[in-house]
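K.L.:
Work out the full structure: start from the sequences and follow the hints.
Quick mapping for you: the protein sequence lines, in order, are chains A and B. Sequential numbering of the first sequence, starting at 1, is according to my numbering. Sequential numbering of the second sequence, starting at 1, is according to my numbering.
Take these hints with a grain of salt, some might be off.
Sample of chain A residues with no beta-carbon within 12 Å of chain B, all distances over it, derived [claimed, not checked]:
hint : residue
1    : Pro27
2    : Leu83
3    : Asp114
Below, a list of computed lysine-lysine pairs in the DSSO-like style, where the Cα atoms sit at most 27 Å apart [unchecked claim]:
hint : chain 1 : residue 1 : chain 2 : residue 2
4    : B       : Lys186    : A       : Lys135
5    : B       : Lys81     : B       : Lys91
6    : B       : Lys62     : A       : Lys64
7    : A       : Lys58     : B       : Lys372
8    : B       : Lys97     : B       : Lys62
9    : A       : Lys64     : B       : Lys368
10   : B       : Lys100    : B       : Lys22
11   : B       : Lys372    : A       : Lys118
12   : A       : Lys117    : B       : Lys372
13   : B       : Lys103    : B       : Lys62
14   : A       : Lys5      : B       : Lys186
15   : B       : Lys100    : B       : Lys7
16   : B       : Lys103    : B       : Lys91
17   : B       : Lys227    : A       : Lys2
18   : A       : Lys5      : B       : Lys372
19   : B       : Lys91     : B       : Lys227
Some but not every residue of chain B turned toward chain A, in silico, with C-beta under 10 Å [claimed, not checked]:
hint : residue
20   : Tyr295
21   : Ala330
22   : Lys372
23   : Leu380
Hints were generated in silico from the structure; no laboratory data involved. Ideal Cβ placement from N, Cα and C applies to all residues, glycine included.
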Amino acid sequence: MKSYKLIFTGPPGAGKTTAISVLSDTPVIVTEAKATKRDPSHQHKQTITVGLDYGIIKLSSQEKIHLYGTPGQERFDFMWDILTEGGIGLILLIDNVRTDPLEDMRFFLKSFADFIKKTKVAIGVTRMDISSTPKIVDYHQALSLFNLNPPVFDVDARSKKDVSLLMQALLYSLDPGLNEN
Amino acid sequence: MKNQPQKFINIAAFGMDQRTLKILEMVFNGPGKGDYVLVKDIQSAQAGIFDLDSLDGQNFWKEYQRLYSQLPIIILSLDDKDIAGTVYVKKPIEVDKLIKSLKKLKLLSEEALFSKPVETSPTQVTDKLSQGPRDAKLAMEIAAIEEEEILHQYCGYAQDINPDKFEEIEKVYYEPSHYLQSFFEKAAVVSQQFENGGILIEGLYIPIVLLYQQNKIFCTCQSSDNKLRTMTLLPLSHGHLRMTTLSETELEKYISKHQLLSQPLDNFLWQIALWTARGRVPKGTDLHKPILLLYWPNFTRLIVTPYALKISALWMENPCSLLETSQILAIPQRYVFTFFSAASTLKLAFVDRRLKSRISSRQASDQKPNAKRSLFQRFLARLRA
Ligand SMILES: Nc1nc2c(ncn2[C@@H]2O[C@H](COP(=O)(O)OP(=O)(O)OP(=O)(O)O)[C@@H](O)[C@H]2O)c(=O)[nH]1
Ligand SMILES: [Mg+2]
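P.N.:
So this is what it looks like as structure tokens:
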């Protein structure tokens with residue numbers, strides 16, 4: 001049995017757990033806790049992830065892709081280096097409704113800089129239906145300072161089509177020579 | 001296997017002139033690969049074709065509806081005929097379109113054969129219910145054919161050209177200024193100056209309001225509207241189209257009075273560009289100079305033409321010319337051309353005139369595959385399934 005891992009990261013409430021669930025073949029294993037009133041970033045949802053999210057895409061009986069979602073809160077960032085070890089790529093989800101989404105993106109790009117250098121990143125901006133700014137082009141502008149040009153898509157984490165397209169773009173970034181069929 | 005579908009279907013044709021009949025025969029025997037056989041009378045037919053532009057055709061059609069009206073039918077006509085339960089093919093007949101419609105007809109007739117109730121009795125209802133999986137399969141096959149038709153609307157059918165032949169090169173070009181596309185682009189440029197107001201476009205079959213700063217377009221249609229598509233294909237007659245500027249208050253009034261709905265301007269222009277380009281590039285585009293893609297298009301909200309992700313990934317990594325792109329990725333040129341045309345309409349892609357191509361074709365074939373290519377390939381196939 002060969003297995004590989006794909007990492008989902010992003011600030012609290014960006015849609016990591018949701019995105020993993022729409023792709024996973026098995027029910028996602030999450031360690032969630034009731035969100036407390038003290039944390040304003042969680043006003044729109046009932047639960048927060050305190051451990052890793054975990055889902056699986058089975059390619060064959062011999063091959064599995066493990067989907068890991070990091071907990072959104074920064075107090076868990078000690079786990080990130082170990083987690084990314086051997087991973088094939090990074091999906092970064094950014095919640096466009098938060099106070100400074102571009103700063104969120106910068107924070108995660110810095111935190112995962114080594115991993116991104118070794119692999120590739122694809123960025124999904126979620127909840128753009130609620131807040132349309134910053135625009136996608138603003139993200140690209142901010143990215144140019146990092147010398148990065150990854151795909152940045154408007155993604156609804158609840159939409160399998162959106163999440164799948166982002167994932168496909170990640171794969172093509174890793175190898176443009178892949179075939180469509 | 002049980003229920004093996006018959007190899008060919010009999011099709012009866014009505015109201016055709018000799019020429020059209022000849023075309024049908026040629027198509028049936030040629031590209032139709034013997035899947036379709038022309039017959040004279042409806043009793044021995046499993047499907048029918050009616051030409052509604054002739055008086056004969058119209059009379060036969062009325063008679064048919066009165067007496068039979070249970071076979072899959074193709075309707076031929078010069079203008080749109082949206083008749084429930086029939087497949088419309090526009091005249092003059094384009095062979096590819098006819099073939100697609102025939103395939104659909106064959107699937108429908110096979111389905112009719114399977115689901116024909118032995119006798120009319122209450123069991124019919126349960127029969128219909130047990131049709132579930134096959135109905136789903138049929139729906140999927142028809143959806144696939146329709147999807148292909150739509151793809152052709154965006155990418156055309158053109159075969160790859162030989163860039164060494166001057167007369168072939170001409171074929172890949174179209175002149176945007178001859179089409180509606182250029183009018184919308186011009187309106188977008190004019191609208192750029194306005195922080196709040198917008199541009200009203202009149203003279204089309206519906207009014208359209210364009211707000212560049214807000215990336216919005218207001219109209220009463222979907223951007224996938226068929227009429228709109230037809231307009232994009234016709235040569236532009238400037239005389240009829242008018243552009244007026246509207247102040248913010250005028251704009252609000254106009255939109256609510258005409259009950260216009262908004263959609264993103266980007267997506268609208270992208271769609272128009274695809275329809276107009278149909279596998280070609282704007283006149284004057286250098287096919288040999290590298291393409292600069294500023295950044296990845298926002299594909300979740302745009303029409304993704306075949307290989308668009310792959311082409312984007314290549315251009316972000318390695319700017320190369322339109323012809324090289326087709327060569328390196330081993331994909332038909334029309335998909336590269338169409339994608340470039342749409343991306344350049346949104347000002348995302350440019351020909352980089354300063355540069356000679358950065359990669360030689362030898363290097364191109366040496367492009368190193370990722371060590372995990374086969375894994376990625378399986379993963380991708382899974383995501384696309
Ligand atoms: N309106 C809207 N809601 C979205 C969109 N994407 C995701 N959501 C919702 O936003 C919430 C995201 O929650 P989670 O998936 O738990 O987010 P998370 O990143 O796992 O959060 P933590 O684990 O707490 O860090 C869910 O309620 C989703 O349904 C979007 O594009 N629009
Ligand atoms: Mg979570």
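K.L.:
Would the pair A:Lys5 and B:Lys186 pass a check requiring their Cα atoms to be no farther apart than 27 Å?
P.N.:
Cα-Cα ~48 Å, so violated.
K.L.:
Take the C-alpha atoms of A:Lys64 and B:Lys368, compute the straight-line distance between them, and say whether it is at most 27 Å.
P.N.:
Status holds; Cα separation ~25 Å.
K.L.:
Regarding the pair A:Lys5 and B:Lys372, is the alpha-carbon distance no greater than 27 Å?
P.N.:
holds, 13 Å
K.L.:
Between the alpha carbons of B:Lys62 and A:Lys64, is the straight-line distance 27 Å or under?
P.N.:
Judged against 27 Å, a Cα distance of about 60 Å means the pair is violated.
K.L.:
Hinted pair, alpha-carbon criterion (27 Å max): B:Lys100, B:Lys7. Please report holds or violated.
P.N.:
holds, 17 Å
K.L.:
Hint validation: B:Ala330 versus chain A, beta carbon distance must be below 10 Å. Holds or violated?
P.N.:
holds, 9 Å
K.L.:
Verify the proposed pairing of B:Lys91 with B:Lys227, using a straight-line Cα cut of 27 Å.
P.N.:
holds, 16 Å
K.L.:
Under the criterion that the straight-line Cα-Cα distance not exceed 27 Å, is the pair B:Lys81, B:Lys91 satisfied?
P.N.:
holds, 11 Å
K.L.:
Minimum C-beta separation from A:Asp114 to chain B exceeding 12 Å: can you confirm that?
P.N.:
holds, 19 Å
K.L.:
Is the claim that A:Pro27 lies outside the interface with chain B correct, judged by CB distances over 12 Å?
P.N.:
holds, 18 Å
K.L.:
Take the C-alpha atoms of A:Lys117 and B:Lys372, compute the straight-line distance between them, and say whether it is at most 27 Å.
P.N.:
Judged against 27 Å, a Cα distance of about 16 Å means the pair holds.
K.L.:
Under the criterion that the straight-line Cα-Cα distance not exceed 27 Å, is the pair B:Lys103, B:Lys62 satisfied?
P.N.:
Roughly 25 Å separates the two Cα atoms, so the pair holds.
This entry does not satisfy hints 6, 14, 17, going by the numbered hints stated previously.
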